[in-house]
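Read top to bottom, the protein sequences are chains R and L.
Reminder that position 265 of the first sequence reads as 265 in the UniProt record's numbering, one-by-one numbering, no gaps.
Reminder that position 224 of the second sequence reads as 224 in the UniProt record's numbering, one-by-one numbering, no gaps.
By construction, these hints were calculated from the structure, which means they are not laboratory data.
It is possible that part of the hints are untrue.
As the list claims (entries may be wrong) - Facing chain R, from chain L, some residues (calculated, C-beta under 7 Å):
#1 Pro88
#2 Val89
#3 Ser93
#4 Thr96
#5 Gly180
#6 Ser250
Said to hold, decoys possible - Taking lysine to any residue and the SDA-like style, the derived pairs with C-alpha atoms no more than 25 Å apart in a straight line are:
#7 R/Lys128 <-> L/Ala179
#8 R/Lys128 <-> L/Gly81
#9 R/Lys131 <-> L/Leu8
#10 R/Lys19 <-> L/Leu52
#11 R/Lys128 <-> L/Leu36
#12 R/Lys19 <-> R/Pro4
#13 R/Lys131 <-> L/Trp30
#14 R/Lys128 <-> R/Pro165
#15 R/Lys128 <-> L/Trp137
#16 R/Lys128 <-> L/Trp30
#17 R/Lys19 <-> L/Val34
#18 R/Lys131 <-> L/Gly81
#19 R/Lys19 <-> L/Ala179
#20 R/Lys131 <-> L/Ala179
#21 R/Lys19 <-> L/Ala252
#22 R/Lys19 <-> L/Leu36
#23 R/Lys131 <-> R/Glu176
No experiment lies behind these values; they were computed from the predicted model shown.
C-beta: ideal position from N, C-alpha, C; glycine also.
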Amino acid sequence: MSAPLGVEARGLGVRYGRKVALGGVDVAIPAGSITGLLGRNGSGKTTLASVAAAFRRPTSGAVLVGGEDPWENEDLLPRVLLVRESGDVLDVETLRTNLRFVEDCRPAFSREVAERLMDRFELDPDAKPQKLSRGQKSAFGIVLGIASRADLTILDEVHLGLDAPSRYAFYDALLEDYVEHPRTIVLSSHLIGEIERLVEHVVVLDHGRVLLAQDADALRVTGVSVTGPAREVERFVVGRTVLGRQQLGGTAQATVLAALADGEAAAARAAGLDLGPVPLQDLFVHLTADGAADAARELGRAR
Amino acid sequence: MSATTRPLFPARPVTRQGPVLRTAVSVLAWFGQVALWYWGIVLVVVVALPLLVDAFGEVGTSTIWFARQSGVWFPFSVLIGVATTYPPVHVASGMTRRSYVRGTLLAVVAIAAAFALLMAGGLMAERAWYGAMGWDWSPQDQGWFDPDVTFGSLLVAYLATFVVAYVSGLLVGTVYAAAGGWWGTLTLPLTAGPSLLMTVLVGNSNDWVPFSELFGSTGEGTPLALVLTVAAVLTLTMAAAFWLLATRRSIAPRRG
Chain R
1 MSAPLGVEAR
11 GLGVRYGRKV
21 ALGGVDVAIP
31 AGSITGLLGR
41 NGSGKTTLAS
51 VAAAFRRPTS
61 GAVLVGGEDP
71 WENEDLLPRV
81 LLVRESGDVL
91 DVETLRTNLR
101 FVEDCRPAFS
111 REVAERLMDR
121 FELDPDAKPQ
131 KLSRGQKSAF
141 GIVLGIASRA
151 DLTILDEVHL
161 GLDAPSRYAF
171 YDALLEDYVE
181 HPRTIVLSSH
191 LIGEIERLVE
201 HVVVLDHGRV
211 LLAQDADALR
221 VTGVSVTGPA
231 REVERFVVGR
241 TVLGRQQLGG
251 TAQATVLAAL
261 ADGEAAAARA
271 AGLDLGPVPL
281 QDLFVHLTAD
291 GAADAARELG
301 RAR
Chain L
1 MSATTRPLFP
11 ARPVTRQGPV
21 LRTAVSVLAW
31 FGQVALWYWG
41 IVLVVVVALP
51 LLVDAFGEVG
61 TSTIWFARQS
71 GVWFPFSVLI
81 GVATTYPPVH
91 VASGMTRRSY
101 VRGTLLAVVA
111 IAAAFALLMA
121 GGLMAERAWY
131 GAMGWDWSPQ
141 DQGWFDPDVT
151 FGSLLVAYLA
161 TFVVAYVSGL
171 LVGTVYAAAG
181 GWWGTLTLPL
191 TAGPSLLMTV
201 LVGNSNDWVP
211 FSELFGSTGE
221 GTPLALVLTV
231 AAVLTLTMAA
241 AFWLLATRRS
251 IAPRRG
């Protein structure tokens, strides 16, 4: 029986020689959600994804996928998919042969979705992966990632080299298929502004540790973006944690960590301030800046 | 589906093989493509060379006998490539490393059997052709390839040589992929050495092999029982090493 698979890491540690890639990570990725796995380069995102998909073993601790250890688990692995950048494919075979191979391996593979996406990304089924451009390779990885319909689908930086229209085509296709066939999707990307609308849950890694793991909507209301006359904005931010600040002439914008009561919001609007949700990207940049752990703790969910 | 969507391949019922059989069939299908080229070239050379020699001199030596070395080292090289590049695709496709090891071992035994059949049969056919043409036929040095040797003995000798060589190829590729270039090169005497040893044992024409009298040596070639014993020990040892390394191998992040 196919059902979305959650991921749970318990004290997960991975070392590459002396380098600590993950240091005692405890995190849960809810089943049946789209989770944004965010972090700066080298923060441990790919390593966490690799352990969950049994590409490598942890040095310490454990990862459970659907409550089971994925390592060499022949019942579980056909339901778990990790696409890293452009995917692991048979480079000397055509895209058509690759799709046939994946269709044979993946129990939930949809040929109809694969055909539609191959057309949408204008990929020639007779081409070989080694002859494709960077963006076309990524597009083929996306075709495999979506058409496989794995119960746990991890897409790690699959957008690299894609132009903006293709990236948005990817987001639309992912969301469309997710709605029709709910599963657990983990989306690792640096383009936070673009994937923000997709994610329901957010995990932020930094230097091999979980900085934040939270429901995306709950996270968005922990902060507020304030725009208006500079003097009013300055008055508003007094006593609050400011994540970012911009000023153009007499107009300023500030992003602050604050959950406003109804009265506070009404007072701010009366003072001519526009209030909006905090952009996930601003929050991410602030949280992962050096020495920003205090802000993460302030969010109340930091590890 | 949009009106413009092109079918990728004809509709077919998806027959789900087990991962071991799927792996074996896939490796055989990929290998079959290059093997066709290999045998095509062998056939052209084996037929053309004696005719060419006959035009200028006297034909006396088997050509296909020389192909034995290519039959060892060509698949050996291809299987190094399989062992270095295929496991990431296998794991990324939701299969275990165990099924990869079992499937590839099954495939290399099938490849070795096919190559042994074709080589032994080819040698016999060549001998008959030389006889019909009135040419002398003999391998350059004899051992198991004595002019009077039977098809069965040839088949066994080839099979033993090829199985060891092909498992050796998988092991060499796995060590390079799992442990890197330095370890891959430093361990070549252990990983590729057995293949060399088998070709020497089988090609041996003046039995110098220690303890061969225990296996019924007649003082000429290496006794068949000794060839089979050594091949079995080497194959099992290398297969065990291949299993241990390949089922523990991490798949490094793919970039580019």
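A quick look at each hint next to the structure:
Look at L/Pro88: its Cβ gets to within about 4 Å of chain R, closer than 7 Å, so that hint holds up. The beta carbon of L/Val89 comes within 5 Å of a beta carbon in chain R, closer than 7 Å, and the hint placing it at the interface holds. The interface hint given for L/Ser93 is met, as the beta carbon of that residue sits about 4 Å from the closest beta carbon of chain R, less than 7 Å. Here the hint on L/Thr96 is kept, as its CB sits about 5 Å from the closest CB of chain R, short of 7 Å.
Given hint, L/Gly180 at the interface with chain R, is violated; its Cβ is 12 Å from that chain's nearest Cβ, farther than 7 Å. Residue-level restraint check for L/Ser250 holds (minimum Cβ-Cβ distance to chain R is 4 Å; threshold 7 Å). A threshold of 25 Å between alpha carbons decides the hint, and for R/Lys128 with L/Ala179 the separation of about 29 Å lies outside it, so the pair is violated. A hinted pair counts as satisfied when its Cα atoms are at most 25 Å apart, and R/Lys128 with L/Gly81 qualifies at roughly 18 Å.
Among the hinted pairs, R/Lys131 with L/Leu8 is consistent with the structure: their alpha-carbon atoms are about 19 Å apart, no more than 25 Å. This hinted pair does not check out: R/Lys19 and L/Leu52 have alpha carbons roughly 64 Å apart, beyond 25 Å. Between R/Lys128 and L/Leu36 the CA atoms are separated by roughly 21 Å; this keeps the pair inside 25 Å, and the hint holds. For the hint pairing R/Lys19 with R/Pro4, the CA-to-CA distance comes to about 33 Å; that exceeds 25 Å, so the pair is violated.
This hinted pair checks out: R/Lys131 and L/Trp30 have alpha carbons roughly 19 Å apart, not beyond 25 Å. Taking the CA atoms of R/Lys128 and R/Pro165, the gap is about 23 Å. The hint holds against a cut of 25 Å. Taken as a hint, the R/Lys128 and L/Trp137 pair is broken in the structure, with Cα atoms around 46 Å apart against an allowance of 25 Å. A C-alpha spacing of about 14 Å is found between R/Lys128 and L/Trp30, which places the hinted pair at or below 25 Å, so the restraint holds.
Proximity of R/Lys19 to L/Val34 is assessed by CA-CA distance (about 42 Å); at most 25 Å being required, the pair is judged violated. A distance of roughly 19 Å separates the Cα atoms of R/Lys131 and L/Gly81; the hinted pair therefore holds under the 25 Å criterion. Distance restraint check for R/Lys19 and L/Ala179: the Cα-Cα separation of roughly 17 Å lies within the 25 Å cut-off, and the hinted pair is therefore satisfied. Between R/Lys131 and L/Ala179 the CA atoms are separated by roughly 29 Å; this puts the pair beyond 25 Å, and the hint is violated.
Simply put, R/Lys19 and L/Ala252 have alpha-carbon atoms about 15 Å apart, close enough for the 25 Å limit, and the pair holds. Taken as a hint, the R/Lys19 and L/Leu36 pair is broken in the structure, with Cα atoms around 47 Å apart against an allowance of 25 Å. With a C-alpha separation of about 30 Å, the suggested pair R/Lys131 and R/Glu176 falls outside the 25 Å cut-off, and the hint is violated.
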